Structure formats: structure tokens, C-alpha cells
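A.B. asks: Let the hints inform the model, and build the full structure from the sequences given.
Residue numbers (my numbering), protein chains in the order written: chain H, 1 to 148; chain X, 149 to 265; chain R, 266 to 594.
These are computed hints drawn from the structure, not numbers from a lab. Every clue listed holds true.
Pairs of lysine-lysine, DSS-like flavour, derived with a Cα cap of 27 Å:
| id | chain 1 | residue 1 | chain 2 | residue 2 |
| --- | --- | --- | --- | --- |
| 1 | H | Lys79 | X | Lys261 |
| 2 | H | Lys11 | R | Lys508 |
| 3 | R | Lys454 | H | Lys16 |
| 4 | H | Lys121 | X | Lys171 |
| 5 | X | Lys261 | H | Lys108 |
| 6 | R | Lys506 | R | Lys454 |
| 7 | R | Lys454 | R | Lys508 |
Label pairs and their computed distance ranges (CB to CB):
| id | chain 1 | residue 1 | chain 2 | residue 2 | range |
| --- | --- | --- | --- | --- | --- |
| 8 | R | Ser433 | H | Phe113 | 43 to 51 Å |
| 9 | R | Lys302 | H | Lys16 | 31 to 39 Å |
| 10 | R | Gln345 | H | Arg3 | 25 to 33 Å |
| 11 | H | Gly110 | R | Asn515 | 46 to 54 Å |
| 12 | R | Lys529 | X | Met258 | 28 to 36 Å |
| 13 | R | Lys506 | H | Ser39 | 58 to 66 Å |
| 14 | R | Gln403 | H | Met1 | 28 to 36 Å |
| 15 | X | Ala247 | H | Ile19 | 37 to 45 Å |
| 16 | H | Ile19 | X | Leu156 | 13 to 21 Å |
| 17 | H | Pro15 | R | Lys554 | 33 to 41 Å |
Cβ-to-Cβ under 7 Å is the rule here; a few derived chain H residues that face chain X:
| id | residue |
| --- | --- |
| 18 | Gly30 |
| 19 | Gly31 |
| 20 | Leu35 |
| 21 | Ala58 |
| 22 | Ile65 |
| 23 | Phe66 |
| 24 | Gly75 |
| 25 | Ile89 |
| 26 | Ser96 |
| 27 | Ile99 |
| 28 | Glu105 |
| 29 | Gly130 |
| 30 | Ala134 |
| 31 | Met135 |
| 32 | Gly138 |
| 33 | Phe142 |
Note that the structure is a prediction, hence the values are computed from the model and not measured. Heads up, the beta-carbon is just placed ideally off N, CA and C, and yes, glycines get one too.
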Amino acid sequence: MDRAEYAEYIKKITPKSKIWSSLLRAFIVGGLICLLGESLNALYKMWLPNYDQTQIGALVSSTLIFLAAVLTGLGVYDKIGYFAGGGSIVPITGFSNSITSAAMEFRKEGIIFGTCANMFKIAGPVIVVGVAIAMLCGLGYFIVGLFI
Amino acid sequence: MTFLWAFLVGGFICALGQLLILKTNWTPARILVTFVVLGALLQVCMVFDSLKQFAGAGVTTPITGFGAGLVKGTFENIDKYGFIGIFTGGLTAMSAGIAVAIVSGLVIGMIFKSRSK
Amino acid sequence: MSTIFFKHQPRIVGWYSVAGKKESEGPLGNTFSRIVKDEYFGEKTHEGAERKFFVTAIQGAIQAAGVQPDIVFAGDLLNQIVSSSFAMREIGLPYVGVYGACSTMALSLLVAATFVDAGVVKNAVAVAGSHFATAERQYRTPLEFGNQRPPTSQWTVTGAGATFLSTSKKSRVAVTCGTIGRVVDYGVKDVNNMGAAMAPAAADTLARHFANTQTKPSDYDAIFSGDLGQIGEEALRDLLKDKGYDLGENYYDCGKLIYAARQKVDMGGSGCGCSAVTLNGFILDKFQKGEYHKVLFMATGALLSPTTTFQGESTPGIANAVVIEEVTA
Numbered sequence: 001m002d003r004a005e006y007a008e009y010i011k012k013i014t015p016k017s018k019i020w021s022s023l024l025r026a027f028i029v030g031g032l033i034c035l036l037g038e039s040l041n042a043l044y045k046m047w048l049p050n051y052d053q054t055q056i057g058a059l060v061s062s063t064l065i066f067l068a069a070v071l072t073g074l075g076v077y078d079k080i081g082y083f084a085g086g087g088s089i090v091p092i093t094g095f096s097n098s099i100t101s102a103a104m105e106f107r108k109e110g111i112i113f114g115t116c117a118n119m120f121k122i123a124g125p126v127i128v129v130g131v132a133i134a135m136l137c138g139l140g141y142f143i144v145g146l147f148i
Numbered sequence: 149m150t151f152l153w154a155f156l157v158g159g160f161i162c163a164l165g166q167l168l169i170l171k172t173n174w175t176p177a178r179i180l181v182t183f184v185v186l187g188a189l190l191q192v193c194m195v196f197d198s199l200k201q202f203a204g205a206g207v208t209t210p211i212t213g214f215g216a217g218l219v220k221g222t223f224e225n226i227d228k229y230g231f232i233g234i235f236t237g238g239l240t241a242m243s244a245g246i247a248v249a250i251v252s253g254l255v256i257g258m259i260f261k262s263r264s265k
Numbered sequence: 266m267s268t269i270f271f272k273h274q275p276r277i278v279g280w281y282s283v284a285g286k287k288e289s290e291g292p293l294g295n296t297f298s299r300i301v302k303d304e305y306f307g308e309k310t311h312e313g314a315e316r317k318f319f320v321t322a323i324q325g326a327i328q329a330a331g332v333q334p335d336i337v338f339a340g341d342l343l344n345q346i347v348s349s350s351f352a353m354r355e356i357g358l359p360y361v362g363v364y365g366a367c368s369t370m371a372l373s374l375l376v377a378a379t380f381v382d383a384g385v386v387k388n389a390v391a392v393a394g395s396h397f398a399t400a401e402r403q404y405r406t407p408l409e410f411g412n413q414r415p416p417t418s419q420w421t422v423t424g425a426g427a428t429f430l431s432t433s434k435k436s437r438v439a440v441t442c443g444t445i446g447r448v449v450d451y452g453v454k455d456v457n458n459m460g461a462a463m464a465p466a467a468a469d470t471l472a473r474h475f476a477n478t479q480t481k482p483s484d485y486d487a488i489f490s491g492d493l494g495q496i497g498e499e500a501l502r503d504l505l506k507d508k509g510y511d512l513g514e515n516y517y518d519c520g521k522l523i524y525a526a527r528q529k530v531d532m533g534g535s536g537c538g539c540s541a542v543t544l545n546g547f548i549l550d551k552f553q554k555g556e557y558h559k560v561l562f563m564a565t566g567a568l569l570s571p572t573t574t575f576q577g578e579s580t581p582g583i584a585n586a587v588v589i590e591e592v593t594a
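C.D. replies: Here it is, written out as C-alpha cells:
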């Protein structure tokens, strides 16, 4: 067997993930997290009539982020993640989990060089790419705006 | 009705993420980045707002909402303040989420110990 | 060649294994010398716990042998093999650090046997171990991060095992020969499929071993591989078939033995500790009970680091094999 044949062979004997059941789990858990977001949205709107939609939205995200951080600390979020996969990684709660889990993991190296220096180990690229792409789009928007 | 659509659309986006994980073996960081970019692009194409009208938190809760929010904030600030808005808009719009994520991560990280199960 | 024949047949006069909670709940649970349910082992960090597993295993083997060793050969998975070195800071004996990734138990045993056989030292200890939490952190994601493990992944064993080798003839179980591995790379890039990456190296070592010793798989009571897991085991059987050797019913993989399917470990156990606690528990116990007379023990290692993985390199593997058998007087 040469390298190419071996790669083919390994692909053949590797057990496949059960795609449909895992998609269904991601769908249900992800959907429920979004439903929670929507419910919070409705609640906050009722409680805080003076806030505009942007502020309500920020409050909803913040609540979800905080909840996910607490669940991570209690050792619950990784169990949800084991069950749901993408269902709990893709929502904003997954972003929060990636930060808190890294913060906890590296706490033993101290607060500054452990927690602070490492908490964005997984989530860092999200912010970097997000900010970069937003600025790029903004630049385009600005230039187009000059000519219209 | 928005509740049902939030569940269905949000669930669909997450299932899409799971499909990516299964089919590509990408790391979670890459999945998150992909969805941020997706959200940003949807916002640029002006599709995101209509999706939001219809599915509410179904599109804003997934990390796509983060990407879209960054772009939306940037555009709004450019409209309001001109050139400087390119730099100030994105993070201003998303500041609450990032601040809460940082502070809760820091506090939780100081209180709890990680455990293997 | 690279098969070493030990003329003076260094004897195994003591062994000790210490394993964690999950391992204790597996099929081999009652074969370990000691079980430590606390994953922190009373220490502040998981790294500290891993060290303590090493210290416990070394001291246990020394106590079992009843004499002080002249030298200790130890290795682990953490960067700069700190678990071994820091454990030896407490033990205070002359120490040689060895690294063979998860093949370390067989490697340290081979090196120790070589020293004892050559008459350089009278007594030597070989030790290896690993810890789930420290390995996850070094190679994968933080423990509390909520992702799914791919179906091809393996579970790093928490535990350490130590074997005491001696020139004394008070035991009839000896290390008689061994084959040192070559680094073999078939281009497997999936870091979650270590079994596939290591199987070609295992096949290479076994084929050379059988040829050099003029033995065949059925000459052994049992053949063990370290931590190939389900995929690796199947691949090894098929690769060896191509080379003309048929691994039969007497071939086992420690990674598959150590956990039960219900423990959600996907393809099985892995890590230096996997083969170390199986050898220094299950396998050597069987010698003591007289159920085994000749065993081929091969541990396999994936020689990668997180840096090489991120830089897109494939995963090279290595496998070291040792023959343990009952000798006459």
C-alpha cells in the first residue's frame, strides 16, 4: 500500500458519524437557544419600553453570553456541547463558552499570563476577522458613498 | 409567529454548522469565523435585516448576528460621522457583547476549576 | 536489523500501575495496583497530578522489587517531558528521560533492558504515563469547551506504570529481546485519527521483528499493541497481511482493552499511560498467574506536536516492541 492507497483505505474503514441524528440534535438545541433569545427579546421589550431595538438586542446577547459563561463554569456547557455539537457552538453562547473555558483552563498560569493572555485563544479569530471584514466593508461603503 | 421562526431558522443555521463540522473536520474556531463572515456578507447584501424582521433572534443569536452587527454598526457610523465611522462603528455596535464576554470569562475563570468528565 | 537480543535476560522483579477513575471503571479496573479517583490527585494542577502519578508508580515498583534501582528511564507526553523530570526531582535517583510519544513504555523498557543486559547497572526502572486533562490541553481544546469529539478520536488514559528490571534471578519473567522502531509516515494529517497514523509504523516494526527473530504471530501467547484503537487495529491487521503475517485471535490492543464501549471513548484509549498501566497490571499479572509464558508487547507513538500540526505537517508514527517471556532459571 502506498500513501494514496492508504488514505483511501483509511477512509473506507473509518466509522461514519450518524449524520441525520447529529444534525437533528444540533437543530433542536440551536433552535432552543435562539428561541430563548427571542423570548428574552420579548421580555426585555415589555420591561424596558424606553430602550430601542439595538439596545434590547445588545441586552439579549449579553444575557445569553453571561448564562453560557456560568454554565461553562458549572461544567454543564461542555455536556450540552457533547450532545449538540454545532447546535451549541454556532450561537453566541458558543462564543462565550470558548472564552470562559479558555479562561478557566489557563487560570493555573496566573490571572495575567494565564487567564487574560489566553482567554481569546479560540474566540480571538472571530473578533479579528469580524472587525477586519466590517472595516473592509465599511471602506467600500464609504468610497461608494462618495460617488453617489 | 416570530418564536416559531426563530426556532426553525436558528436551528437550521446551527444544523448547517454541524454539517460543516462533520463534512470538513474544521476546528470550532474556523466554524465560528465562517459564520461571522457569512453574517457580515448577508448584512452587506442587505438580506440580513429582512431575515431579522422575520426570524428575530433566530438570526441574531447565532454568531452570524455578530458579523452582521459589526457591519451594520460600521455603515451606520459612516452615515452619521463620515470617514471615522469605518473604524468606530463595528466595535461600538458590538461593545456590550464583547465586554460581557470578557468580564464573565474573567470572573468565572477565577472562581471555577476545569474538570474532565 | 535493530532487533536487540538480551543475552543475560534482564528479569522483571517488580511492577506497579496507578490509574484514574475512568480507567478503574473499565474492564481492566481490578488489575491496577492503585486507583486514584481524584483527577487532581490532591494537587493544584492536572500537571501536578500527572507528576504524582509518576512518583507513585516508581515508588510502587521499587517497593515491589524490594531494592533500590541504580537508574530510572522515564518519559511522558508533555512538552520537554516535564512530568518525568519533575517526578524524578522528588525521587532523586539518576535519570534518563526518553521520548517516544505513546510508545514510551516499550521504549523505556528497551533502553532499561539494554543497560541491565550490558551490565552497566544492576537494577533499573522503566516508567511511562499520561493524564487526560494535560493531554487535552496540550493537543486539543480547553476541558470545558463544548465541542464533540470526532468518531475517530481516542481518550487519553490517566495513569502511570513502572517496571523494575534486574540482573537478579529471583523472577523467571524476563525481557529477552526487542525491536526498535523506525519513524514511518504515510501522510495521515487528521490529528483525530492517531490509530491510522501509527498503524504503518506498527506494521513495519512487527514485520521486522518477526523476520529478525524468526517467529510468527502464533508463537506468542499474546501480542499487544499500545493504543492503536479500533481503526489502527484493523489497519495493522490488514497491513501485516500484505507483508505475509496473519495476526490472529491472540492479538489485542491495549487501547481497546482498557475502556468499555459504554464509556464513550470512541476508538479507545491512548497516551503513554494506556500501554503502561495495561503492561504493569493486566499483562504482568497474567505472567504471575502462569497464564502467559511469552508475550510480544508493542507500544505505538504519534510523533507530532501542536506546532507541526498547525503548520500542516502529517503525523509520523513509531512503534517499539519488546518480548517478555518466562525463562528457565
